[in-house]
Amino acid sequence: SGQKFLRPCALDELKHTLSFPFVQTVEHGFPNQPSALAYDPKLQLMAIGTKSGAIKVYGAPGVECTGLHKETATVTQLHFFPGQGRILSLLDDNTLHLWEIEQKEQCSHLEEVCSFMLPGRSGIESTSATRVTVLLPKLSCDLLAVGTEGGGVHFLELPSFTLLDRSIFQDEIMQSVPEEYKCGKSLGPVESLQEHPQHPDKILIGYSRGLVVLWDLQIFVVCVFLLQQLESLVWVRSGNSFVSSHSDGGYMVWPVSSSTPCTHEPVTSTIPYGPFPCKAVNKILWRTTESGAPLVLFSGGMPRASYGDRHCLTILQDSQHITLDFTSRVIDFFTIHCIDRDKEFDDPLALVVLLEEELVVIDLQTAGWPTIPSPYLAPLHSSAITCSYHISNVPTKLWDRVISAGQRQCHLQTHTNWPICGGKNLAPSPKQQELLLTGHEDGTVRFWDASGVSLRPLYKLSTANIFQTDCDHNDSLTQAGEEDWPPFRKVGCFDPYSDDPRLGIQKICLCKYSGKLLVAGTAGQVIVLYLCDEKSDHMIDVATVDLLQDREGFTWKGHDRLPPKSSSVPFAPGFQPVVLVQCMPPAAVTAVTLHAEWNLIAFGTSHGFGLFDYHRRLGFHSRCTLHPNDSLAMEGPLSRVKSLKKSLRQSFRRIRKSRVSGKKRVMVSSPSSKVQEANAQLAEQDAEVTPVQRRIEPRSADDSLSGVVRCLCFADTFLRDGTHHGPTMWAGTNSGCVYAYALDVPSQDKFSEQSVEALLGKEIQLMHRAPVVSIAVLDGRGNPLPEPYEVSRDLAKAPDMQGSHSVLIASEEQFKVFMLPRVSAKTKFKLTAHEGCRVRKVALVNFSSVASEDYSENGLVCLTNLGDIHVFSIPALRPQVRYDCIRKEDISGIASCVFTKTGQGFYLISPSEYERFSLSARVITKPLCQLDVDSFCTTVPHQANGTHKTQPTGESKSVGDAEGKSSVFKMQTAAK
Amino acid sequence: MDCCLSRIHSSPVNIRQQHHNTLTCVCLPLQFEAEYRRFALKKNGAGSFQEFYQLLQTIHRIPGVDVLLGYADIHGDLLPINNDDNFHKALSSANPLLRIIIQRRDEDEPVVFPTNSLQRRKKGLAGLRPSQQKNKPALLIGLPQDFRQISSIIDVDILPETHRRVRLHKHGTHKPLGFYIRDGVSVRVTPQGVEKVPGVFISRLVRGGLAESTGLLGVNDEILEVNGIDVAGKSLDQVTDMMVANSHNLIVTVKPANQRNNVVHRGSKASAGNGSAGSGGSALSHESAHSPASQTVSQCSNSNSVAEGDSDDDDTDLIIESDNLPSYTPHRSLANGNIHGNTPSSGVFGHRPLPQSVSLPSSSSLSDSKASLSSLTTPTHNGSPTKTSSSQESMREDGNFITL
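Protein chains in written order, with UniProt numbering: chain A, 1 to 976; chain B, 1 to 404.
Treat the hints with care, as some may be off.
[Said to hold, decoys possible] Cut-off 27 Å, straight-line C-alpha distance, at most; resulting in silico cross-link-like pairs (DSS-like, lysine-lysine):
1) A:K888 with B:K196
2) A:K901 with A:K830
3) A:K42 with A:K138
4) A:K797 with A:K431
5) A:K202 with A:K283
6) B:K175 with A:K830
[Unchecked claim] Just a few of them, taken from the derived set where beta-carbon distance is under 7 Å, the chain B residues facing chain A:
7) P176
8) L177
9) R182
10) S203
11) K234
12) L236
13) V239
14) D241
15) M243
16) N246
17) S247
18) D317
19) L318
20) I320
21) E321
22) S322
It should be emphasised that the hints constitute simulated quantities derived from the structure, not laboratory data. Backbone N, C-alpha and C define an ideal beta-carbon position, used for all residues, glycine too.
Generate coordinates for the entire structure from the input sequences, incorporating the hints supplied.
Right, here's the structure in full:
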């Protein structure tokens, strides 16, 4: 009978048409640890640099491209060459890099063209003199001004990066400055370089100690003395004045006129949040408007004592004053405004603020300055992601209802078009809608549109409101405690502080046809919800299910259950709870499944599993899976403390060892050091007694946590005999045990009268005792059974009920296919015995052929603990391909991986970013876009082959501070 | 186990004379009731095992009763007859009388043949003297599938002398496997020069554990293969997982740190001195000969390796079936008031099925033992994957290995 499934012709076809190419296609979410921001007003593109050295460019939704520096260093600054599609980046290792956006077959790529750095003075390592502090690419794109920590300003020709012989040094400045402006020996680092908006030859140079000079590229013109430490400078559009911000929390407006070369007094000087000491105003922008008063936007400046810990950005215009109160640090911000030189005013459209954890865009044209919802860079991690669930091919009906429910949740958001709209999205509109559901620590489930390149938030479901938690009171307290001034407005949704860890979502299951949603959490709460278009106000039905089943000798030592609200609760349109099933003991739910057609749910914890009929609000079966020796299961999550302690101790030991051996190198032989040496040797010996070693023992039945229910599945198949099929439920545990139940489900019309019954049909103990990761039933043709409703609503081909069914059981070590109803082993693949890797995630995937739309094969996709992905044929379980996907050290990445039914997948590459990948040549979601770079712009002539250095010659002028006479720019051009 | 055998043994054994060209079979009691049959059989026209089996059933008038057949060979060992090969072997060994022992196959009690039940013939003594056997306490020998599988060195003939392939069996013992592995550096001499490669080594043996008690593995032995799979390029955790996954039948190929105990020249005196019948080329190192595992160990080890080699399904899962699972009934809406109809509408938790019967899947069938026994007589190596032998060959070409 095994031969039947091999289908040699199909396999050949499979080889030719389905090659399972593995590609990582796009990153969704918000870049982890952003560190720099830039905007190109001509191309309307935004660039974000990160601490890991990545540059991400975004335009209109769907337009994006990414580049990664070879060095893993923080991107400290990014600058566009407006209109050219070139980006200049500065890393914290003091290297400058030039990137170009290149167009290749519908895709835009970011390619590094060249890089160079300023070396320290010869002989002295890491001098700060040549450390770059600010960069100013001139608007004309032919000149780059580089300010350094030593106070020098150097000029480089663009795009060749030839150092020009016209550097400005501190001593030069000092000579030109009147005596009374000299404050001490040094001016400090260059803090700001700003090009005059009207006269490109004029550059404003601001030094940290407070001296600002307006430098004409031949002669310096104006000098302004400032009392306070300088933080930033910005020109007023007219060029008749500029604005400075300071470390005391104030800003000043300075007049610029050629008649008075030196100015002492600003036009205005304000400390907005004074008079008490304030924090520095890190950056200020001054935007003129046609309607009247200019818009002043600045970050920081909050009163040190009362609000010094807030992350704020202030918008001021006349009497209007809003203090945007963010939950994470402001990295940088810019405004989108009119750049047409003929226009008199800036007339800003929008303010874009890059925060450490999210991007916030404020509509400056609409009264009240509402936020504009971002079509990309979604803060996935607004509360930590605890689980994820993917639904492909979402029916339009459900899709529309979710969207409309989501739209009603948006407050304080405008429907102004997204202001960053550079480039053209060439990707065809997705063939089908895909939903990604993320469960979060704060008890929310977020619905994301995962159909395209940008992950768009659709709807947010909160489960916290049906429980009595402390956060209810907290909210009202903070509201009352807030004073009227400063006029704070909470903006953004990043909120990492969960009120109660028990609210965390562990498992999600959604029936896309009926709109039934099953959500289960950390405190054993299992909530059945349904999609309702009307708001309602009702009591929550609660049912308690005892999973211990009167087992003797077990006492739960973990957390309490979440008490449900005793009064009726108002619910907005969207998913509203039908019933809350509470598992007792209230351990975290480890597996759920839902069969909306039978009105049944199944759920499992570390103690057992239960079956519940949510139509009749009745639990009809539960079973305890605890092993008598399993004491750890009762400890709750806190029991991890023990192992943590141990590992801490071990790591301390390791640290001690490394210190000791580090010391050994520099030790000189002396009586006292000999004692140390002996001690060190002892310490090392101690460490060598216990090298990293692994014990080889077979797993025993009494391993701790063996009762954890790992997977549950409903299936209409043959369990009683080979001729009659019927509803079944399968459960797999951590100790390699599978329970198969035959269910007696009354027909639809009798559902209210009769109860469902479960009869244990089979119990399978896998000999290798590895945890059961997944169970799936295959039909007579070896295909996975369709989802509930798919057959009854003619949405899928009916499964083959003629041939004999089989059940695929995937453990952490082996895949096995058993024939039904006898449960006789048919095929197996011992992954761990052969490869030494263990199964972490599996999914049955339908791979469509590229050549022919109708042809598709089902495969078993598996992600292992080593982070590689294997594809197997089913039911023959032949290995097809293997790919490295995730680093094996990235445990959270591996744990977060979710496969789609069509051969794609997602995994977290940081707490806030999903990497999307595809194993199917047919289903690939990647950015296809076009960026129109200025036509006159030609690419940088690449130096042939290898590294090009400008030799230090006599004519090259010394770089560095006043003392640094002999430093030279070393230029390295990396050939592409 | 023992009681069953002793009962068999207690039965008397008769020897009768033979006719020319025919065999005289003496059949021993069935179910311990003294029932002997003596009959003649044509030596060249004996036919197949099945025919013989049916013949016996007819002679004893026990058609349909499942029985086990055994015979006493020239050494006095009781050997099974369950296929054509060993049936013909038995016939050829008739001297000229062939004693057949018939026993009812019992499901509950494992059937075990006694070894030496008919006592090994003493050297120099010609012919069997059954009268001498009675005062000797007998060792028992079971069917191959009932052998307590024990640890052994295998595949000596196909491995380089510097390597040792060890099968660890914890079958039946409560000893832990009892060893630890660690990362290390292995130096191998290649034509290109000395090459340092990461390797996995045995770091510690647990006192009283299986690995220590067999004496087949030692600290600092480098692990080269696990169940025929090369561990080169695999991490410590991967090798750990491979070993744990194969722990029910763990075969590790090591390069012993102590090379003095290696087999000097395979196939010479070590295997000759072994003296086990039908040796599959297996030989013991001196080390293991000194170990608690004694002569008997080596005898059994051969049959073990053969039996294991072709039974891949040694890790058969346990399927427990519910007896009371009724066959499919149509929706109860059609059959109101059926057997489940009276369940109360609430508090139906814990509806448990009635006691269940336990059955092992039918892997230990006659055909299995047939295959394993037939291979007993023909010297075959256990079915180690082809990949193994090829890698072994390439390793041999690589030259010597030196472990640091």
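Q: Closer than 7 Å between Cβ atoms is the bar; does R182 (chain B) clear it against chain A? Give me holds or violated.
A: Hint on R182 (chain B): holds, closest Cβ of chain A at ~4 Å, below 7 Å.
(Q) Hint E321 (chain B) vs chain A: min CB-CB distance below 7 Å? (A) Check passed: Cβ of E321 (chain B) comes within 6 Å of chain A, closer than 7 Å.
Q: Have a go at the P176 (chain B) hint: is there a Cβ in chain A nearer than 7 Å to its own Cβ?
A: Hint holds; P176 (chain B) Cβ to chain A Cβ min 6 Å, cut 7 Å.
Q) Would the pair K202 (chain A) and K283 (chain A) pass a check requiring their Cα atoms to be no farther apart than 27 Å? A) Since the Cα atoms of K202 (chain A) and K283 (chain A) sit roughly 21 Å apart, the hinted pair holds (cutoff 27 Å).
Q) Under the criterion of a CB-CB separation shorter than 7 Å, is M243 (chain B) in contact with chain A as hinted? A) holds, 5 Å
Q) Do the alpha carbons of K888 (chain A) and K196 (chain B) lie within 27 Å of each other, as the hint requires? A) Since the Cα atoms of K888 (chain A) and K196 (chain B) sit roughly 24 Å apart, the hinted pair holds (cutoff 27 Å).
Q) Does the interface hint hold: is K234 (chain B) within less than 7 Å of chain A, judged Cβ to Cβ? A) holds, 5 Å
Q | Given hint L177 (chain B) near chain A, where the shortest CB pair must fall under 7 Å | A | holds, 5 Å
Q) Given the hinted pair K797 (chain A) and K431 (chain A), is their alpha-carbon gap at most 27 Å? A) holds, 20 Å
Q.
Is the interface hint satisfied for D241 (chain B)? The criterion is a beta-carbon contact with chain A at less than 7 Å.
A. Holds, because the Cβ-Cβ distance from D241 (chain B) to chain A comes to roughly 5 Å (cut-off 7 Å).
Q | Proposed interface contact between S322 (chain B) and chain A, which counts if any beta carbon pair is under 7 Å | A | holds, 5 Å
Q: Have a go at the I320 (chain B) hint: is there a Cβ in chain A nearer than 7 Å to its own Cβ?
A: Given a least distance of 4 Å, the restraint on I320 (chain B) holds.
Of the numbered hints given earlier, the model fails none.
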